[in-house]
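Novice: These protein sequence lines are chains A and B, in that order. For the first sequence, the working numbering gives the first residue as 11, with consecutive numbering after it. For the second sequence, the working numbering gives the first residue as 526, with consecutive numbering after it.
There may be inaccurate statements among the hints.
To be verified - In silico DSS-like pairs for lysine-lysine, Cα to Cα no more than 27 angstroms straight-line:
no.	chain 1	residue 1	chain 2	residue 2
1	B	K768	A	K229
2	A	K123	A	K81
3	A	K212	B	K820
4	A	K74	B	K820
5	A	K34	A	K212
Think of the hints as simulated: they come from the structure by calculation, not from any bench.
Chain by chain, the residues:
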Amino acid sequence: MKILIVEDEPQMLENMRQTLEQEKYNVETATTFKSALDKLGVYDYDCILLDISLPDGNGLELLKQLKKLGKVDGVIIVSAKDSLDDKLKGLDLGADDYLPKPFHMAELNARVKAILRRRYFEGNKVILFGNLSIEPENRTVKIDEEEILLNRKEYDILMYLITNKNRLVTKAALAEHVWGDNIDQADSFDFIYSQIKNLRKKLQNANVKIEAIYGIGYKLDNEQ
Amino acid sequence: MRLLNHTSKYLSLLLLPVITIWAVLFYYAMLDEIYDSLDDGLDNQKMLLVKRAETDPKILRHTDFNKHVYTFNKISKKKYDNFKESYHDTLMFMQNEQDFEPVRIYESTLMHNGAYYSLKVATSMIEEDDLLEDLITHLIGLYLVLVLSILILNNILLKRIWKPFYRLIDQLKNFRIEKSEPLVLHHTNIEEFKLLNHTVQRLTQKSSESFIAQKQFIENASHELQTPLAISINKLELLLENKDITENQLNDIAVVLENLGRLTRMNKSLLLLSKIENLQFKDEHLVDFKMLTEKIIYDFDDFIAHRKMNIVVAQSENLTYKINEDIAAILLTNLIKNAVFHGKPSTQIKIDITKNSWEIMSYGELEPLDESKIFARFVKVTTQKKSTGLGLAIAKAITDKYALTLKYRYDSSHIFKIEVS
Chain A
11 MKILIVEDEP
21 QMLENMRQTL
31 EQEKYNVETA
41 TTFKSALDKL
51 GVYDYDCILL
61 DISLPDGNGL
71 ELLKQLKKLG
81 KVDGVIIVSA
91 KDSLDDKLKG
101 LDLGADDYLP
111 KPFHMAELNA
121 RVKAILRRRY
131 FEGNKVILFG
141 NLSIEPENRT
151 VKIDEEEILL
161 NRKEYDILMY
171 LITNKNRLVT
181 KAALAEHVWG
191 DNIDQADSFD
201 FIYSQIKNLR
211 KKLQNANVKI
221 EAIYGIGYKL
231 DNEQ
Chain B
526 MRLLNHTSKY
536 LSLLLLPVIT
546 IWAVLFYYAM
556 LDEIYDSLDD
566 GLDNQKMLLV
576 KRAETDPKIL
586 RHTDFNKHVY
596 TFNKISKKKY
606 DNFKESYHDT
616 LMFMQNEQDF
626 EPVRIYESTL
636 MHNGAYYSLK
646 VATSMIEEDD
656 LLEDLITHLI
666 GLYLVLVLSI
676 LILNNILLKR
686 IWKPFYRLID
696 QLKNFRIEKS
706 EPLVLHHTNI
716 EEFKLLNHTV
726 QRLTQKSSES
736 FIAQKQFIEN
746 ASHELQTPLA
756 ISINKLELLL
766 ENKDITENQL
776 NDIAVVLENL
786 GRLTRMNKSL
796 LLLSKIENLQ
806 FKDEHLVDFK
816 MLTEKIIYDF
826 DDFIAHRKMN
836 IVVAQSENLT
846 YKINEDIAAI
856 LLTNLIKNAV
866 FHGKPSTQIK
876 IDITKNSWEI
886 MSYGELEPLD
896 ESKIFARFVK
906 VTTQKKSTGL
916 GLAIAKAITD
926 KYALTLKYRY
936 DSSHIFKIEV
946 S
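All chains, please: the whole structure from these sequences, using the hints.
Specialist: Put into structure tokens, the structure is as follows:
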């Protein structure tokens, strides 16, 4: 999978590149409007991460050009402005998603994966991990062909951990993704634990393990 | 008290002693003049009597006041030599009034054909009590007329003179710093009012400018902070995945991440506040508060369970209000969040929805919160060190901007109430 990151902040770009390369994607970068336009004219990308404010132009303008080229699929707008206007304009111009800065690496990974899944498998592909099989389309989870029932939060946690499999997902990232921004003021993320406990119980017969990494977060591994 | 009435009050108070003193002086001056002219009259009568005595000596035998206004009495030469002419007042029975009335008597002497006589001439005097009474009645009248004239004059003249001042006050009364509408000043020829207009205009302009500058500064600063925050958080998240990191280092990184998270939330809240104040949430629909409340409570389920609390929603009538849905969600979320996070574990939270109010009750600290401070920014009413101190400020900003009211009261529980006005 080929991904283009258009971002003028070198450190921001480096972080995104590193995290996506860990997922074995082929990552290319552009730091200016012009170089991005050059690359987009020549190559096709499966996913484009597009920063709105570039030193020599607006990312939304780039999006318009992409639309003209018929290459608007798979664009995620990344913006420091978190402005509703930009979001609506971007989605209107054909972008698939809008990710306001700052975001967690796990969230970036999840959004990119969601785009790729939607583009190439139309949501129908069954995700396999260990002896788990998940159909995102109808939110069903099976262990060795036997369906288990998960509530919305348990399902969201499992999906998020699978998307970020073998990687450490911090409690903050998990809480924000599953419970939304509202929970952010919690004095601790201990309340997550009860859902994790339930999920573990339901996954007893699966050969996957939700590992707690000290007090920081969780990691989903194959049980060897 | 209004300025106009104030001047009128002082003028009327000042007039009272002035008129009283003037009345006393006037009374004595007039009395003096009256006595003077009465005495002149008596003197003249005496001369006439003396002349008459020469042609009609019979009158010299009139010794009784009851018959004439004069009397003659024979006196010795010695008495005649030592006699001192005098004027004095006395009472005399008046036929017309059937009463004793004051009269002025002139005592003098005359010599006629070698005989000596003393002579008394009387004339009726003015009645001092009547004069005084008359004077007082008229003075009260004068006082009232004067006060009335001052009032009328003030209301017409002063009002006209002070018009620029009142117009300025009206403008200031309606001046709202967040509305960035400049004052409309009217031209005036009076130097002081010109100065006042000019100064007020400069002050309001200055404060409007700094208000806007401050707002923009907060907005820009918050925006500019997003990227460095993102870079720092992401760098640390990548570092966490590094296999060479020890447990201690991992925990330290977690602490830094947690604090960066707090910074991010504070920053987001500040941005949200500016957006609310700039009325950037435009898309308004009828929002069902009951449904919205239940949706939010669902998000908080786990946290509520973790704190062993429970939430009861009571609804007598349905509350719907035309507002941007995101904004309504933020408003209710902040109040619910506030109740959940600051409420005591193992207590109940109660939400009451009526046709035009939404109320949340929770048990926290056992004393009322300082009402003047709870809605201010960065005021942390409890010891919760991780709250941003912006939640209630945001809720208040929303209710202010969307024609709702948000009130707090303490009645053994903490109660926040949103009212549709």
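Novice: Give me the numbers of the hints this structure contradicts, sorted from smallest to largest.
Specialist: 4 and 5
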